[in-house]
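K.L.:
Sequence:
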Amino acid sequence: MNPTKLLQEITRRPLVCDGAMGTQLFARGLASGACGMLWNVERPGDVGGIHLAYRNAGCDLITTNSFGGSRFALKLHGLENRVAELNRAAARVARSAAGENGWVLGDVGPFGDFLEPVGDTTADELREAFRAQIAALIEGGADAILVETMSDPAEAIVGIEAAKACAANVPVIATYAFQKTAPGEFRTMMGTSAAEAMQRATNAGAEIVGANCGTGLSLDDYVKLAEQLVAAAGSAFVIVQPNAGSPRTENGRTIYDATPEEMAATATRLLAAGVSIIGGCCGTAPEHLAAMSRAVRAARAAKL
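Residues 1 to 304 (the working numbering) make up the sequence shown, in order.
Bear in mind the hints are in silico, worked out from the structure with no lab data behind them.
Don't be surprised by glycine CBs; every beta carbon is placed ideally from N, CA and C.
Do not take every clue at face value.
Quick list of the computed label-pair ranges, beta carbon to beta carbon [said to hold, decoys possible]:
#1 Arg297 <-> Gly49: 21 to 27 Å
#2 Gly119 <-> Gly99: 37 to 43 Å
#3 Ala168 <-> Asn56: 29 to 35 Å
#4 Leu7 <-> Gly252: 39 to 45 Å
#5 Arg297 <-> Gly22: 24 to 30 Å
#6 Thr249 <-> Gly99: 37 to 43 Å
#7 Thr249 <-> Ala123: 33 to 39 Å
#8 Arg300 <-> Glu262: 18 to 24 Å
#9 Gly191 <-> Ala165: 25 to 31 Å
#10 Lys303 <-> Leu76: 42 to 48 Å
#11 Ala167 <-> Asn56: 28 to 34 Å
#12 Met190 <-> Thr254: 21 to 27 Å
#13 Gly49 <-> Thr254: 22 to 28 Å
#14 Gly252 <-> Ala195: 36 to 42 Å
Result set (PhoX-like, lysine-lysine): computed pairs, CA atoms no more than 25 Å apart in a straight line [said to hold, decoys possible]:
#15 Lys303 <-> Lys224
#16 Lys164 <-> Lys5
#17 Lys224 <-> Lys180
#18 Lys303 <-> Lys5
Sequences are here, hints too, so could you generate the full structure?
P.N.:
In structure tokens:
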């Protein structure tokens, strides 16, 4: 693990997180519908190559290939009995690429269903599933836990609580996916406002909160959303990982049109809004993050 405390480093300078993993796996041959986490053990060189490309692009934070790593998500692939193995391998591959001066974020995505009373899964069942995943990620070398792409604050809280139960000294990051429901208004799929999402996550103990991904959001929208997140986060640090613009469909393919230069300009605006960690989500690639990293370094230099 990186001996330099992540939360201390954020007080010194803005940090850069990495970008999309899924599209990079597909570019290397992952079949649609296949379990990308299997590559952590079957093709670790490919997964590590993606991590290393982001690290070489200037990313301080490397996210493990474990988005669907709970037993609920892995059950869809018949792999629910390999939670510890696959998550531990994910963290080890990321740790190798991050090196001594990078930080590894143990990635925990949605479990794929709804909690009671909407769904059949209890909070206790989900907490135990997240705890098993998170314990393996920490064992593999994760420096922090990222509970990401949340829509339901209740699920985010369970993830935060599970992380704190595994290791109270490991920072927890909680991010939500938002959509714009009215001019200037952003809510999750479950109807939760940006302010409520931040407040519930920080009250549960998350030290870093924010947004990753979004439905139909432009780069301008991400900047406006960031302003609301910062206003609601209190003393917590804020992370924003926008998609490479709003997607469009062409010949059955999802296309993200934002250029590295446009993402770099957005990174500068996010920093001005008070965001502490800048990264990318859907549609972003190492070249986007390289441009964003240069923009972050330039912004910091201008302040020195």
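K.L.:
Next, verify each hint and record whether it holds.
P.N.:
Comparing the hints with the structure gives:
| no. | hint | result |
| --- | --- | --- |
| 1 | Arg297 <-> Gly49: 21 to 27 Å | holds, 24 Å |
| 2 | Gly119 <-> Gly99: 37 to 43 Å | holds, 41 Å |
| 3 | Ala168 <-> Asn56: 29 to 35 Å | holds, 33 Å |
| 4 | Leu7 <-> Gly252: 39 to 45 Å | holds, 44 Å |
| 5 | Arg297 <-> Gly22: 24 to 30 Å | holds, 27 Å |
| 6 | Thr249 <-> Gly99: 37 to 43 Å | holds, 38 Å |
| 7 | Thr249 <-> Ala123: 33 to 39 Å | holds, 37 Å |
| 8 | Arg300 <-> Glu262: 18 to 24 Å | holds, 20 Å |
| 9 | Gly191 <-> Ala165: 25 to 31 Å | holds, 28 Å |
| 10 | Lys303 <-> Leu76: 42 to 48 Å | holds, 46 Å |
| 11 | Ala167 <-> Asn56: 28 to 34 Å | holds, 29 Å |
| 12 | Met190 <-> Thr254: 21 to 27 Å | holds, 23 Å |
| 13 | Gly49 <-> Thr254: 22 to 28 Å | holds, 23 Å |
| 14 | Gly252 <-> Ala195: 36 to 42 Å | holds, 38 Å |
| 15 | Lys303 <-> Lys224 | holds, 23 Å |
| 16 | Lys164 <-> Lys5 | holds, 16 Å |
| 17 | Lys224 <-> Lys180 | holds, 11 Å |
| 18 | Lys303 <-> Lys5 | holds, 23 Å |
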